[in-house]
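Trainee: Construct the complete structure from the given sequences, taking the supplied hints into account.
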Amino acid sequence: MKNYGFLCLYMIIMGGGLVYCNYVLHTTYDSPEFSEKFLPIMIILAVLVLIYGIRNRKDFVIITENKKRYLWFLLLFVPISGLALYSAVKGFDLSMAFFIVFFDSLLIGIAEEGMYRGILLGGLLRKTSPVAAIVVSAVLFSLLHLLNILGGIELSEVLNQMVSTFLMGLFLGSVYVDSKNILLPILFHFFWDYIMLTGVLGELSMLFVVIFGVTALEVIISAILLFQFRKMPKPILN
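Heads up: the sequence shown runs through residues 1228 to 1465, numbered per the numbering used here.
Source of the hints: derived by calculation from the structure; they are not laboratory data.
A couple of the hints might just be wrong.
As the list claims (entries may be wrong) - With a cut-off of at most 30 Å between alpha-carbon atoms, the simulated DSS-like pairs for lysine-lysine come out as follows:
#, residue 1, residue 2
1, K1407, K1285
2, K1229, K1458
3, K1354, K1264
4, K1264, K1317
5, K1354, K1294
6, K1407, K1295
7, K1354, K1295
8, K1458, K1264
9, K1294, K1407
10, K1458, K1295
11, K1285, K1295
Mentor: Written out as structure tokens, the structure reads:
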């Protein structure tokens, strides 16, 4: 219950920040200035998640019978890191805006992966099977993005975000259980959000192919790993 209480606090802060930006600062979620305006909220969320996660880290350590593996993660991480590097080089600028996007993407990776994979998934694994824990954490991660409607974007766009984040949640949860390393989903989330926030790929005619390819690989890798996890029992706790 304690973890769900912290999740409620997380969502209240997130929702409050979106309302403040939209109705007080008149900066909507899809505005170019949103990253800068919302940065203080992301700092607060990242710090809270780090403090809570570190203080309760013994409750979230993944203890499963599978050996640590990185291959499935690397199959998608390698091209994503290449695209992130391309975005950084292409959009490099010694301006505050460049560093704000970089810092904001990093904070999102820390806050959201720390909350939904590190804390929630780690806690769920104490109570249910890995497959169920991954699916539930992905659903909760998707529901987080329903709050974006408070930021002034259309419901249809929010629903699209919820579908894409559910699929990403399945992938990140699966590779986290597979690797037992929270840094991997954090880095992936950081790089992906950086690619999206810079908008550099928007200049490429292959943007749709990139997004479709990433989503397809997420689904395939998640399906393979979830199939492998289906007979894995709940973690054996110390």
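Trainee: It remains to establish, for every hint, whether it holds in the given structure.
Mentor: Here's how the hints hold up against the structure:
1. K1407 x K1285: holds (14 Å)
2. K1229 x K1458: holds (28 Å)
3. K1354 x K1264: Cα-Cα ~39 Å, so violated.
4. K1264 x K1317: holds (24 Å)
5. K1354 x K1294: The hint holds at about 21 Å.
6. K1407 x K1295: holds (6 Å)
7. K1354 x K1295: OK: K1354 and K1295 at ~21 Å, within 30 Å.
8. K1458 x K1264: The hint is violated at about 46 Å.
9. K1294 x K1407: holds (9 Å)
10. K1458 x K1295: holds (17 Å)
11. K1285 x K1295: holds (18 Å)
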